[in-house]
Amino acid sequence: MFVARSIPADHKDLIHDVAFDFHGRRMATCSSDQNVKVWDLGEDGHWTCTANWKTHSGSVWKVTWAHPEFGQVIATCSFDRTAAVWEELVGESTEHGQKNWVKRTSLVDSRTSVTDVQFAPKHLGLQLATCSADGIVRIYEAPDVMNLSQWSLQHEISCKLSCSCISWNPSRVHQPMIAVGSDDANPSGGGKVQIYEYNDNSRKWSKVETITVVTESVKDIQFAPNLGRSYHLLGIASKDVRIISLKPLRRDQSSTQTSGHSKFDLRQVAQFDEHNAQVWRLSWNVTGTVLASSGDDGCVRLWKANYLDNWKCISVLKGDGSNVKLQESSQVQQQQQTLSGGAMNGTSSCLYQNKVYPIVPQGKPPCH
Amino acid sequence: MHTVIEAPINAISTNKDASQVVVAGRNVFRVFSIEDDAFVERCNLRVGKNLNLNFSAADVTWNPVEDHLLASAATNGAVVTWNLNKPSRSKQELVFNEHKRTVNRVCFHSTEANLLLSGSQDGFMKLFDLRKKEVNCTFSGQSESVRDVQFCPHHYFQFAAAYENGNLQLWDLRRPDKWEKMFTAHSGPAFTLDWHPDDKNWIASAGRDRSIKIWEISHKPRLLHTVQTIASVARVKWRPSRKYHISSCSLLVDHNVNVWDIRRPYIPFASFEEHRDVVTGIMWKNDPYVFLSGSKDCTVYQHMFKDAVRPADRANPIGIDTNVNGDLGLAFSDKLLVAGKSQTGSSMLPHFFRSKGPDRSEQFTMASSSAVIFESVDKSTGLEWFIECATRYQLSGKSVEDLCDHNAAVAGSLNKHQVAQTWRILKLLYGGNTATPCPPRTVSVIGSPAVGEAHKAESEKVNLKQQLDGHLVQDHNRSTHTDGENKDTGDTSTAVSEDESDAESSLSLTNIASGQVNQQGDFFFGDGELETFDYPVTMANMDSMQDWTLPTEAIPLRHEIQDRLDSPDPLQNATDSPSSANESEFSSQAFGNAENATPMYNLQAIPFASQNPPWEFSHLVCDMLEYFAEQGDVQTSVSVLIILGNKMKTPVEDQKQEQWFMAYLELLTRFRLWGIANEVIKLSSHRAVASLNQQSTTVHTNCNKCFKPLTRAGWLCDRCKALTSTCSICHLPVKGLFAWCQGCSHGGHLEHLREWLMTHKHCPTGCGHICEYT
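So the sequences go chain by chain: A and B. So the first sequence is numbered by the working numbering: it starts at 1 and just counts up by one. So the second sequence is numbered by the working numbering: it starts at 1001 and just counts up by one.
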């Protein structure tokens, strides 16, 4: 399962975000103590803090890594109404192996707390989306990837609702797309997740969908890595965890030119209320097959789809690293066996047999 | 509760019992009484014939002793007192024009009603005696402009001043010549200070450096706490009867009134967000739950503490992220963990957890988080298999069936049975098509007529097929049982029973599969060679039907084995001896997944089944690849695409292929498998993908004489018609390694330089530099 390794984070206030870099060998943490720490994975498997510096004059809500192609770059956003881009000075390190990070830019357009910051997927170049508590999503771009100090504000999207989180759609074959979640507490205010898409013709971002089923305040939102999928999976953390699939409906080529935005077939593929409390954060694994969620119950739950596309809990972790105690352990264990793909018993491979449907298209699968 | 006034407010002040408030600004000067639900105007001080600057105020203060006395500071340097008891319409009483510049602050003595202190931009502070109507004494800080002066509420003679250069001074009224203490409090101008209402040694100051600092001033001033805010701080005021709470408002940017707990200086304890412009004055109503604020937005608000926004409650207490290996990075608020603990009734509490009282409204102690990394050691969440597959898959250099076999074995060994099965099926589908120049082909000439005969004979009698199938399975049963080497009897029996039940249902399957027979002339041999774990079935059949085929069958197998001696695959080794193929290794591998194996028997039956029209399966393969991609397994899709290449009759959509390739490449780079990523790019038949490793492959060089880019070869400059990068010793262009001294940047052939520097110390060019060769 998992081996817990405690990290002496030693932040002086709450840690609000943890982010791994592209290769998973560096980690950044940010805290209300206005500092960001960068941790590097040593050869011995230990994480050591290689940088710790004051980034903002308010709580740092989120930290995120840029694609390493752009260098060792992180972006932070803060209660102090700014977002900042930081770059590590390569080759320079002080005694004790501490690395130097320098502020490349400070994005000061927001009038309220900047609640999330996310780099665009690499194929869109060096772009940065921020969202703020007053409901404005801003898209910045560094036209010259070699010059991280010059960012121009490309778009401002007004979402009407106070924004708490943002997520880029990682797919490279679809139009650039952003999902925005709102922590607006009023359930009658309508859907709290909005999907915006960039239109090449109008050169504008426009709203393509509002996910109306989510009316509670949304704390986190994450697109799953797309890989080869023809649809998008969107994880939403609210009072419960939801997974929404967005399948782009094919449009004929002619209409693409003239009419506006894509249409989607929205489907809620899963909804879990096992946390039984506010769910704060979500994270997908790299293949988009396992979703981790964590909430006020102090637990992390891992969700995975089985062969029938039913999402099931495969694991529950305690937030303090004390090991996994499952109330529903037996059931989950069983689930795991079926899902691990490694089971040597008959039933699980039978399930897998069914999955090879393209090869056995007609007739009944042999084991039924 | 609020009231709107016609002009921006510069300052507010309340009377002794906080029942009235005076509101002053450039164009406003009014007194309101504070009723239960409204502000009621008592008096307008800005009346008279000539409203000069004396009627405008930068600051205002109410006498804490005499309820009818007010003082205001004007921007023209005048200090004005007002007497509300004056019968006339104008309440203006005294005007002191002592200061040369703006007066920033006026302050009454806390107990002596007639003492008024002012601090001005001109750098002086003056103490006025209202009875004598004159300046009692003048204090010169000998610093810069005075931004704030405040009498100490605990000490009759003491007052403090804040200066624009960031200094704080403590004064004694009895010593007007020199300050008692002075220290630098802020890195920019200090705008405000406030004495702690209870602790007489505490003083708070704040300034443009956006920080609020709490000082202990009993001996040597000592910094106790720093609160970092997001904007320059204009005013600070301690919250009454709360030792650690202080309210602040900003000079710009931030329109909120924030109340901080100095012990947790990062997040405001409470925020009041009503104002639309910067707040200029805060007055607590002698009550920790109510205060008034005036703002540039022309409003005065009375705030109740229960209406406050609690930013800490909105702050996200959890951070989580998954890295490429499936490890979870996690940061949890300790508070949550404690809560979670008590919920689940777990006993052990780590020592650093402190339980916290339930009274949310006043509880605001330090919060902290613990960070944990959950390292994934589990197959269901980890991605070891991905790396293993990526590194061990063979994508080129062999025939399709070899590659499929190898990859099937790899996938099988990693417990990816579905993928392994897919490879095997692909081998069946495509293996025969490859014109592999392997030895079996020659044998197939011998074998195929016999098979062909068998086929013909069978195709005439359709019922025979079913019999044959049954026969086949029985044969298989017999072979497995008689051999008796199968250790995994449980599995075998299920396999067998499945087989038997399949005998009926296999009709469709055989039909499907039989299509291949027609496509591939020597399918039988292609199959026999490769389907190792089907082998016994084949053998059994052969035995029962045509004894003479066995030797010919054995030959190609031997060849195959020799071919693949280097293969690490245990399955292959299992076929070492055809007669005892059903040995333990075989059974565990092949029969371990009885169901997996089952269709293979059915497929195996193909050669003996009836002839049917050609079966077009390409689109099914497409579907299958798409299925894998939809499941998030682009690895399989891409690997299959590469191996099959253009053999697929109905190719996958171009865009989709690119999407898969790009996704797979990104995954590979995430795992830092650059070599494999490059191989995938190289093997890709997709144009956009294949061109990926032709990007950024140009190295531009400049001539070392004219510093212009070299256009053609790297050693001749077209512009200055000279050789570039010549060796300093032989003066010929260096085409291999150019060794150069980092000190003088001269160099040349490595060999030449080495020789030169063996005997000389100086640079061969004569530049005088003493080069070092290491």
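Don't take each hint at face value.
What the hints assert, rightly or not - No more than 20 Å apart at the CA atoms, straight line, and that leaves these computed lysine to aspartate or glutamate pairs for EDC-like:
1) A:K99 with A:D10
2) B:K1016 with B:D1198
3) B:K1335 with A:D10
4) A:K312 with B:D1037
5) B:K1220 with B:D1172
6) B:K1285 with B:E1630
7) A:K247 with B:E1630
8) A:K304 with B:D1172
What the hints assert, rightly or not - If you only want the chain A side, here are some residues facing chain B, beta carbon under 10 Å, derived:
9) G58
10) Y198
11) K239
Think of the hints as simulated: they come from the structure by calculation, not from any bench. Every residue gets a Cβ at the ideal spot worked out from N, C-alpha and C, and that includes glycine.
Against the structure, the hints come out as follows:
{"no.": "1", "hint": "A:K99 with A:D10", "result": "holds (18 Å)"}
{"no.": "2", "hint": "B:K1016 with B:D1198", "result": "holds (17 Å)"}
{"no.": "3", "hint": "B:K1335 with A:D10", "result": "holds (15 Å)"}
{"no.": "4", "hint": "A:K312 with B:D1037", "result": "violated (55 Å)"}
{"no.": "5", "hint": "B:K1220 with B:D1172", "result": "holds (16 Å)"}
{"no.": "6", "hint": "B:K1285 with B:E1630", "result": "violated (65 Å)"}
{"no.": "7", "hint": "A:K247 with B:E1630", "result": "holds (12 Å)"}
{"no.": "8", "hint": "A:K304 with B:D1172", "result": "violated (72 Å)"}
{"no.": "9", "hint": "G58", "result": "holds (5 Å)"}
{"no.": "10", "hint": "Y198", "result": "violated (18 Å)"}
{"no.": "11", "hint": "K239", "result": "violated (15 Å)"}
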